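**Student:** Here is how the chains run, residue by residue.
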Amino acid sequence: MVQCVKALDSPFAAIADPTRRSILTQLARRDAPIGELAQSFSMTLTGLKKHVAVLEDARLVTAKKAGRVRTCTLGPRRLEREAGWIAGFQKMIDDRFDRLEALLERTANN
Amino acid sequence: MPATLTRATITTPTDREIHIERIVNAPRAQVWRAYADPALVSQWWGRGNRLDIERMEFTRGGHWRYVEHAAKGISGFEGRYREVTAPERFIRSFEWDGMPAHVAIEFVTLTDLGDGRTRINIIMQMHTPEERDGFLQSGMQGGMDASFAELDKLLSASRS
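Taken in order, these protein sequences are the chains called U and E. Using our numbering, the letters of the first sequence map in sequence onto residues 48 to 157. Using our numbering, the letters of the second sequence map in sequence onto residues 488 to 647.
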């Protein structure tokens with residue numbers, strides 16, 4: 048699951064997952080070591096690292112190594128807020144167009 | 488046709504614009520009617536919420552006002568038509584009650600793809616990047632799940 052999403056190097060794919068959104072929410076409060084994040088999400092270190100890798104690919108998160116500790120911080124993508132907004136906007140637009148499609152089906156051949 | 492698999496493409500090519508593109512499985516004349524007839528608009532534009540078309544003078548200079556009754560509250564949208572060229576294009580000003588007097592211009596273009604489908608292109612053009620961001624956030628008003636809203640709040644607080 049995590050692997051297939053990873054191929055899509057986009058902030059939208061990255062934030063499509065609720066765990067990754069929670070990670071971003073947590074990092075917005077303060078930087079956190081990977082171990083601490085894993086603990087707070089009751090995940091294995093390996094599982095959490097996969098999520099962080101997806102967020103890193105989307106440049107939403109940067110993981111810096113200091114000694115033996117890898118600390119995650121919000122990434123350089125200045126688009127991070129925008130990415131969140133667009134995801135909400137996308138839903139609004141898709142909901143609207145889905146209704147349009149349904150209407151078009153109902154009114155076909157009229 | 489599995490309409491539910493289709494998604495709109497949303498891009499922000501400049502910091503004052505939102506581009507939306509979606510292909511629908513219907514001929515252009517029919518899609519135009521869905522935009523031009525208030526009785527039809529009320530059946531889809533509100534995303535399943537009750538939508539009152541308070542005013543819709545679908546002609547250059549005419550006014551429009553839609554009011555959407557969503558679970559989270561009532562939202563009004565209004566403006567005037569700058570151009571109405573059936574069946575391919577209309578341009579209107581677009582104001583959301585949540586951001587009064589921040590006027591966007593909406594360009595809606597329908598392209599006949601020649602195979603019974605129609606491409607809908609919408610460009611929303613704002614005066615400032617702040618307005619653009621405000622409009623993008625209006626998506627938060629409906630159907631947003633709580634974690635997104637919370638994320639946004641936190642990110643704005645920590646980044647501004």
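Bear in mind the hints are in silico, worked out from the structure with no lab data behind them. Check the hints yourself; a few may be wrong.
[As the list claims (entries may be wrong)] Here are the in silico distance ranges between beta carbons for each label pair:
# : chain 1 : residue 1 : chain 2 : residue 2 : range
1 : E       : Arg537    : U       : Thr66     : 53 to 59 angstroms
2 : U       : Ser89     : E       : Phe545    : 52 to 58 angstroms
3 : E       : Thr498    : U       : Asn156    : 30 to 36 angstroms
4 : E       : Thr615    : U       : Thr91     : 44 to 50 angstroms
If you're wondering where the values come from, they're calculated on a predicted model, not measured in any experiment. Just so you know, even glycine gets a beta-carbon here, dropped at the ideal spot from N, CA and C.
**Student:** Each hint needs a verdict: does it hold in this structure or not?
**Tutor:** Okay, the hints, checked on the actual structure:
1. Arg537/E to Thr66/U: 53 to 59 angstroms: violated, 35 angstroms
2. Ser89/U to Phe545/E: 52 to 58 angstroms: holds, 55 angstroms
3. Thr498/E to Asn156/U: 30 to 36 angstroms: Taking Cβ atoms as reference, Thr498/E and Asn156/U lie about 34 angstroms apart, which means the hint holds.
4. Thr615/E to Thr91/U: 44 to 50 angstroms: About 46 angstroms separates the Cβ atoms of Thr615/E and Thr91/U, which means 44 to 50 angstroms holds.
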